[in-house]
Amino acid sequence: MTLDFSTLLPYSGEIMEGLVTTLWLTVVTTFVGIALAIVVAYVRDLESGIMSRLLGGYVEVVRNTPFIVQLFFLFFGLPALGIPISATVAALVAMILNLGAYTAEILRAGIDSTARGQHEASRALGLSRLQSYRHVVLVPAFSRVYPSLISQCIIVMLGSAVVSQISVFDLTYAANFIQSRNFRGFEVYLVVTLIYLLLAVGMRRSFELVGRRLFAFRQGGSA
Amino acid sequence: MTDFTLWDIVRNLLLAGRWTVVLSLIAFVGGAAVGLVLTLLRMGGFKPIRWLIRLYVDVFQGTPLLMQLFLAYFGAAALGFDVSAWTAASLALTLFTSAFLCDIWRGCVEAVPSGQWQASRVLGLNYLQSMRHVILPQALRLAVPPTVGFSVQVIKGTALASVIGFVELTKAGTMLNNAAFAPFTIFALVALGYFILCYPLSRYARYLEKRLYGAGIR
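Taken in order, these protein sequences are the chains called W and R.
So for the first sequence, my numbering puts the first residue at 11; every next one is plus one.
So for the second sequence, my numbering puts the first residue at 6; every next one is plus one.
Hints in this document: simulated from the structure, not taken from any laboratory.
Note that the structure is predicted; figures quoted are calculated from it, not measured.
From the three backbone atoms N, C-alpha and C, an ideal C-beta is built for every residue, glycine too.
Hints may be right or wrong, so weigh each one.
These stretches of chain W come out as covered by chain R in the derived footprint (C-beta under 8 Å, 3 or more residues) [unchecked claim]: (1) 59–73; (2) 76–86; (3) 155–169; (4) 185–195; (5) 199–212.
Selected chain R positions facing chain W (in silico; Cβ < 8 Å) [as the list claims (entries may be wrong)]: (6) Gly49; (7) Pro53; (8) Val64; (9) Gly67; (10) Met72; (11) Asn131; (12) Val157; (13) Ser207; (14) Ala210.
Excised from the complex, chain W in its bound form (with noise of 0.2 Å):
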């Protein structure tokens, strides 16, 4: 077997146009995923009723079936019933609904880890709720789960391999359509799998600078 790397060159901009696409989701998904969970962590919080049963069982419904599977659901799905959806909003739609049920379960845990008592004691201090559940419940419970929200996050981003089998342009879309043209699928899978772990050592470096800003004060301590 003889490895032949320069057939790849043509299709550096296949490539870069799947990296593109793969980031941009990404990104995209990292904030739009975090919100949908901050929420959804939120209102399981402080009720027990009819919202918090079906929140319950969105985040049971997503952690127990594949990605692929929501994802053909949402893409082939939703049009049988009438509801037209394009390619990139199916993928991004399940992009945000899987991280948000994974990071709802990730912060539940580090709310519960927080005292209930400091949250009356803010609120007899003269926070508001909102004040409140921001300092003293959300931002310490950010920053204790920060390591697992990394990780989530990262495998967010792999998994969105994924929607390339939706023909979503990303990058693994871009490896399949230039092993379809150059038959040299080993290399092309090898530089783009490459590609794929630069990103998430660069995600995780990214996150950790932005978490050694973001909880600064938490510094030196039980962090």
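Following the hints, position chain R against chain W.
The following block gives chain R in isolation, referenced to the frame of chain W:
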């Protein structure tokens, strides 16, 4: 188009679901065996081996499972082997599982207080004896809940084998959909199939975790 009754769909999905279960078992058992060897090697003192295993774990955790499947499938072909989707899927999922289990189990072994090590060595047990009689029994108790939890990820991971043409639950769903065109029903049923397999395991993992920590261990 309307030749497919709901029962036809369900029956075909159930038949294909067998292969999801079989592939999950292969990946889990194979992955546990490889993962155990890696964990033991990693705990040994030899630096280059520890470094290599760490690299192995980082690579498998830092790349998409889908890419690992493609590489197993096309890589073997490039090496001159004509592998079936069965072989490629089993291989990729086994290696993927072994890397994650190795990482989980290393954490469990490290969680056993180092005084236990020192005490058993002082009492005259050698490395393997201390491992077998002192460290592993304690690490095992810590390892069970996250291992059961990870089995859910293995089952969900087998869905990606559909992409390289392995006919399991997800692939059966897409094939049925091409014939019967009822995507909403079919993919809802496919999802339900995975949920039935995964949810009890998730619940069991959570129960084990609660029991372990409730018992006041660490």
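Evaluation of the provided hints:
Counting residues of the region 59–73 of chain W whose CB lies closer than 8 Å to any CB of chain R gives 3, which reaches the minimum of 3, so the coverage claim holds. For the region 76–86 of chain W, the assignment as covered by chain R holds, since 8 residues bring a beta-carbon within under 8 Å of that chain's beta-carbons and 3 suffice. Coverage of a stretch by a chain is defined here by at least three residues with a beta carbon nearer than 8 Å to that chain's beta carbons; for the region 155–169 of chain W and chain R the count is 3, and the condition holds. With 3 residues having a beta carbon nearer than 8 Å to a beta carbon of chain R, the region 185–195 of chain W meets the requirement of three or more and the stated coverage holds.
Closer than 8 Å: that is the beta-carbon criterion, and the region 199–212 of chain W has 8 residues meeting it against chain R, so the requirement of 3 holds. Interface hint status for glycine 49/R: violated, as the beta-carbon distance to the closest one in chain W is roughly 26 Å, over 8 Å. This hint is violated: proline 53/R has a C-beta 21 Å from the nearest C-beta of chain W, more than the 8 Å allowed. A least Cβ separation of about 6 Å between valine 64/R and chain W falls short of the 8 Å threshold, and the interface hint therefore holds.
For glycine 67/R, the interface hint holds, since its Cβ comes within 8 Å of a Cβ in chain W; the closest pair sits about 4 Å apart. Below 8 Å, beta-carbon pairs count as interface contacts, and methionine 72/R has one with chain W at about 4 Å; its hint therefore holds. Given hint, asparagine 131/R at the interface with chain W, is violated; its Cβ is 36 Å from that chain's nearest Cβ, farther than 8 Å. This hint holds: valine 157/R has a C-beta 7 Å from the nearest C-beta of chain W, less than the 8 Å allowed.
Nearest Cβ of chain W to the Cβ of serine 207/R: about 6 Å, under the 8 Å cut. The hint holds. With a least beta-carbon distance of about 11 Å to chain W, the hint placing alanine 210/R at the interface is violated under the 8 Å criterion.
Hints 6, 7, 11, 14, counting from the list given before, are not met by this structure.
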